[in-house]
Every structure is written in C-alpha cells, then in structure tokens.
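A.B. asks: Top to bottom, those sequences are chains A and B.
Note that the numbering used here has the first sequence beginning at 1, numbered continuously upward.
Note that the numbering used here has the second sequence beginning at 1, numbered continuously upward.
Calculated from the structure, these hints are not laboratory results.
Every residue gets a Cβ at the ideal spot worked out from N, C-alpha and C, and that includes glycine.
If a hint is listed, it holds; no wrong ones were tucked in.
Okay, derived cross-link-like pairs now, DSSO-like style, lysine-lysine, Cα gap no bigger than 30 Å in a straight line: (1) A/21 - B/128; (2) B/89 - B/130; (3) A/240 - B/89; (4) B/127 - A/21; (5) A/129 - A/100; (6) B/221 - B/210; (7) B/130 - A/240; (8) A/21 - B/89.
So the derived label-pair ranges between C-beta atoms look like this: (9) B/109 - A/397: 24 to 34 Å; (10) A/225 - B/253: 47 to 57 Å; (11) B/223 - A/324: 50 to 60 Å; (12) A/267 - B/89: 26 to 36 Å; (13) A/214 - B/135: 31 to 41 Å.
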Amino acid sequence: MRLDNIQIIARREYLQRIRSKGFWIGTVIFPLFAVAMTILPSVLLMRSGTTHKVVVVDDTGRVAANLSAKRPKTAPPEPRETVRLSKVDFIREVPQPDPKAQEAALDRRVVDKEIDAWIRITPEVLTGKPVEYHGRSTSNFMTQDILEDRLTEAVRRVRLTDAGFDPDKVGELSAQVPLRTIRVSKEGSRAEGGAGGFLFAYILFFMLFLSLLIWGQQVMNGILEEKGSRAVEVIISTVKPFELMMGKLSGICLVGLTQFGIWILTMVVLSAPGVVGAFGSMPDDLQIPVLNPLAAIQFVLFFILGFFVYASFYAALGAAFNSLQEAQQVAGTMGIIFAVPAMLMPMIINAPSSTLAVVSSLIPLFTPVLMPLRIVTEMPPAWQILASYALTGGFLVMMVWFCGRIYRVGILMYGKKPTIPELVRWVRYS
Amino acid sequence: MTSSLEVRDVRKSYGKFVAVDGVSFAVPETGTIFGLLGPNGAGKTTTIRMIMDIIAPDSGEVFLFGRPRGPAELHRVGYLPEERGLYPKMNVVDQLLFLGEIHGRKRRDLLPAIHRWLERVDLAQWKKSKVEELSKGMQQKVQLIGTLLHEPELLILDEPFSGLDPINQELFRELFQEHRRQGRTVILSTHGMELAERMCDHIGLISRGKVILTGGLREIKRQVGGNAYRLVAEGDLDRVQELPGVEQAVVQDGVVKLLLRPDAEGPETLRRMVEFLRVHEFRSEEPELEQIFLKAVRDAA
Chain A
1 MRLDNIQIIA RREYLQRIRS KGFWIGTVIF PLFAVAMTIL PSVLLMRSGT THKVVVVDDT
61 GRVAANLSAK RPKTAPPEPR ETVRLSKVDF IREVPQPDPK AQEAALDRRV VDKEIDAWIR
121 ITPEVLTGKP VEYHGRSTSN FMTQDILEDR LTEAVRRVRL TDAGFDPDKV GELSAQVPLR
181 TIRVSKEGSR AEGGAGGFLF AYILFFMLFL SLLIWGQQVM NGILEEKGSR AVEVIISTVK
241 PFELMMGKLS GICLVGLTQF GIWILTMVVL SAPGVVGAFG SMPDDLQIPV LNPLAAIQFV
301 LFFILGFFVY ASFYAALGAA FNSLQEAQQV AGTMGIIFAV PAMLMPMIIN APSSTLAVVS
361 SLIPLFTPVL MPLRIVTEMP PAWQILASYA LTGGFLVMMV WFCGRIYRVG ILMYGKKPTI
421 PELVRWVRYS
Chain B
1 MTSSLEVRDV RKSYGKFVAV DGVSFAVPET GTIFGLLGPN GAGKTTTIRM IMDIIAPDSG
61 EVFLFGRPRG PAELHRVGYL PEERGLYPKM NVVDQLLFLG EIHGRKRRDL LPAIHRWLER
121 VDLAQWKKSK VEELSKGMQQ KVQLIGTLLH EPELLILDEP FSGLDPINQE LFRELFQEHR
181 RQGRTVILST HGMELAERMC DHIGLISRGK VILTGGLREI KRQVGGNAYR LVAEGDLDRV
241 QELPGVEQAV VQDGVVKLLL RPDAEGPETL RRMVEFLRVH EFRSEEPELE QIFLKAVRDA
301 A
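The shape of chain A in the complex, shown without the other chains (with noise of 0.2 Å):
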C-alpha cells in the first residue's frame, strides 16, 4: 500500500468536487433552506396573527375578572373591556336579562364575523361543568387552548377564594421544585446541565444523520460514475483498488467535512454577537450545559470516524451496483441501520455502564453515536474509549479493502454477471 496513491487520488477528488459550481451552490442553498424551513412558519404565524374576538358573558361576575392574572383583584369589572391574551381578545360583556335573547344576538353577532366566538360562565362551572364554546370554527386549537388555560386558572382562582384560601399565596406555597444536578467523576464533582450531556450526544447524531443524507447519495454516486467513466483503467493497473477507494472515499468525505465547516463557521461568526449579548442578561441559576474540551476533542473524532464508516457503507453499494436506481433503491433501506444507535440512547442515558451500553458502544456500526454518548453520561474507562477507536479504525479499513475489491470485480466485468467461484477468485486476487 502506498499512502502517497491515497493522497493523489483523494486531492484529485477533494479538489475537483470543491472547484465545482454545484458543491458551492449546494453550500448557500442547504443553510437558506433549512433557515427558511425553521424561522419563515413562525414569522408567517406571527404576521397571519389575526387576533381572535372572543366575547366573554360571565353569570358569575367574578371569573372573567381573574381572565387576566395580573390584574389586581380589587378592581371592579368594567362591564365592557378587552384583555388582550397572546392572540386572542377577551371582551367582557354583563349578562342581560334575557339570556336566549343575548345568545341570539351573539351567534348573529359570530355569523357576521363581527366577533370569532362567545363563552358563558355560569354559575355551575364553579362546581365542575364545562364552559360552552361557540365559534365559527371548532378547529382553531391554538385559541381554544389559551382560552382553556386562562379559564382554568381564572376559575381555580375563584374556587380556592371560595374555600377560604388566597390564591396567591397557594401559588407561591405549590411551586415546583427543580432539581440541579452535579455530575461526580474521578476529576471532581462539578455542576453541569443534567440534560445537556446528552443535548450534545443528540446534536452529534443528528449532525451524523444530515451529513450522511447529503454525502451518503454523493459517495456512492462518485464511485458508481467512476465506473462508468473508464479513465479508471489506467489508474488501476498502477493503483491498488484499496488506494483507490480509501482516496475515493477520503476525498469526498473531506468535501463533505468543508462543507460542514463553512456552515459551523458561519453560524458562529453570525450568532457570536447574540450569544455574547445573552451570557450577560442570563439569571445566575440558569444551567448551560457545557462540553469540556477533551469531549469536545472526542466528538470531533468521532464525527469524522462515524461520517467516513457510514460513508463506505454507500461507496459499498456504489461499488456493487451499476446502476443508479439499483443501488437507491437498496440505499434507503440502509438508512435503518444507522437508526438503530438513535433508538438504543434512551436505554444508554438511563444506565450508561449496563453491559448493553458497554456492548453496543463497542460495535464499529454504533460506537460513533454511542460511545460519545457515553463519555457524556458517564466516562467509560479508557480502555474502551480506545478499544472503540481502534475497533471502528479497523472495521473502516476492512470496509474500504472489501469495496475495494467488489469494485474491481464489478468494474471489469463489462456487464457480465460473475459467478460465485469468480467472485472468490477476484477477492483473494490481489
């Protein structure tokens, strides 16, 4: 083997993918996209809110008051007043005598669209009946859940009054109680986000995921072209084909890994400013979870060792398929495989020493997701750590050897399927 053939294939690979228009549109278009998809639903929400007319008939006289919390309580009810609640308007109307009269007058009222919807509090709601809703529309979840909120709440009020309680002081004497965690290690014991461990565990196997999603397809397309095109002939009778696919793959891998890098600067770059603005105006009691720097280190490698074993997997298909649509087809059922770390993590959180987490952090296909997982949760022993970066190092060699030689079989074989004694031949033939 010689490590110099890696290196040119790879450059010629790496550099040849990074001069190319789509790589960089690809790099501004993904970012836009996945801000686009995250930020523009809450802006449109935000623009579209139409705030919903709700007019409140209150029979008791004392609900409808404690609508708004913060009001105090003294305050007489004003007997036609809104309180404005996130996007819905509460206007209080006083009860008529007739009530079947008001009623009709209010459901005219609902059909000409000069009000959304009106409620009637009677007396019995006190005692555990439902408030009536009566709206245009019976879907419109978001204002029915605020209007429930504030309703129970304005009633419990009202009740715990009733019993003789102040509502106020019940509410300070019921708070929740949080729970800090202090994580105990060999270095010393040390405040730090209970869930923020494995936030960054999560965050890893999701980067994983979305890099695969993106680089996967690449990966395999690259190795399929090169097939196709047969200026690989000449480059294999100078080249072993484990030169050739471990440049292949350390190629288009680092692209993937530029790619990633633009994409984490920039966001540094531009979020820097705020989060620097939000560490000062922070309560002190607030928890940020925290990586300490040789995790961080670990992360890193494990990314990039995950990114290039999930990526062989795709250069294998790339290599055993001639096809495009042949080898999607198997490529989508692969996605499982690396779905079964992520369902494993709960089990792995709650008892991150078990022999299962033990076990499964140690095999090659899982340990770049669950041995960082791992460290966060609780500091495997050292020898682990290391047996699982050797175990996953030696499992992606064995993979690139193995695509290696599935492709030289498949790329001469000029569209001849070979039969299984060749197959054997091919792979011991070096």
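Mind docking chain B on chain A? Use the hints.
C.D. replies: For chain B alone, coordinates are given in the frame of chain A:
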C-alpha cells in the same frame, strides 16, 4: 536476450466462452514495435488487460523486463486502453499531472514535461481547457501524452489509431517511431494490417484466442513468401482461385494477389492461366501481411 514482455500460456474464459486460449509470445527488449494483430473479438484486448493486471487470467504468467510482473514493473509501462477515458471536468494540465503522479512522478518534474509535450502535439493553447471542451482527436492526444509522460520503457497501446484522422495518425506514428529510436519498445494492437505492415518489425497474430503466428515480420515473410505472385490479366479472374495449387487469390482493381501452396510451381500455374486469361504481368513478390494472416487463419482452422 531478455524480453521486455513475455506472456506464457495465458488463459481466460468468461463462462463457456474462451476469450484467450493459451496465449504465449515474447517481445524483444530494445527498439521494437510489436504488432498484436487479429480481427475484432480475437482476444487482443483481453490479453492486453491481463498483461496490465486489470483482469486476472485463469492461468498463465506474465513477465515484464525479465521479472514476474509486479507494481514496480507496471510503473515502467505506459498504457493506452482501448476505451479511452479522461475525467471530463478536469483541465488538461491537471489531468496530466494526475496521470503522471499515479505513475510515481513528482509534480515539479512533471510540469515542464507537460508543457513540452503540449507544444509538441499543438495543444499548448488548450492547457487550461476542460477535457470535455476538447474534440475527440485532441482528447486522444491528451491521453497519449498521459501514456508517455512518465517516460515508460515499454508502451502498450490498444488500438491507438482508431478514430484518428490521417494527420494525427501520422503524428502518432512519428511519436512511436521516435520512441523506438530511443531504444525502447512499443506494443500495439490493431486490426488494420496495412498500418501494422508499415510500422511493425515484430508481430503476433491472434485468432480466436490463440496465437497462430509470431516472430520478426521479415522472417515471417521470408518463410511464407517465395510463393506470392502479382498477376495483371483480363478474363474471368474468379477462376484463378479454382486452379490446383492456388492457396489464395485476392482480386482488387484488376490486380490479383496470388499465394501458392508450398508444393506448387509458379510457371506451371501461369501455363494453366494463359489458357483462359490474357496475362499482361505475372511476377514474384513479397507477400502482404494480410495474405499471410488469412493463410495462417485458414491453416489454424
């Protein structure tokens, strides 16, 4: 004398189809142009691919420069495959740098050589162009430079002239002969007998996966020759083929190329022909490669 290439009893079959059936031949070490000749489908390309370690033979051995073929030996060979292939999106210089590098050359040594070669084949102004922007002929020239760039001692060229216009054919021929003058060896495969006759000094004839004739072109002609005649005559020329002692008669523009059986006599054949032809000319000449080839194929069958 060691050979630059020796192929020993190499076989390859695809299922029931035997593509190469025990091929053996040797190519002398210095200053030779060796023609691997044969019709389409004879097994030339398969043989060459086995020499280049691209496909594995079922059995048999290949020796390069007197040693069993290995990666080091293959680095001393320049190979032009039958199916040309360059990376379409790469520019000419990068492409050539890449080809030179995988043959173990350093970038800084390659660059001056690349520019020299591009000047030589009149492609200097295209050096920054992508391969896909070049014409077929230009691409062939680029690929040939890629074959020659690492100064190989042995060139193996699979159908190097196919698809070339006459001007570029001439350029390629000149380059190959220059290579031979430097004391190095060229092996080329072709089904064009005339071209081979003009260039090669050694040949190997392949038919149906077997070598049916190999050696120096001159010796072969001497062995087979002596019984080749040129006939210019009027009359029913097709009857010549039916005369006793006639091995082969190819009629072209009123000229008949005759090849007689070894036991047949020229004067006797002429005596029979004058009975039904008005003979203007009948003389002994060197047989053409095509005649030799056709005879060898028939003898082998």
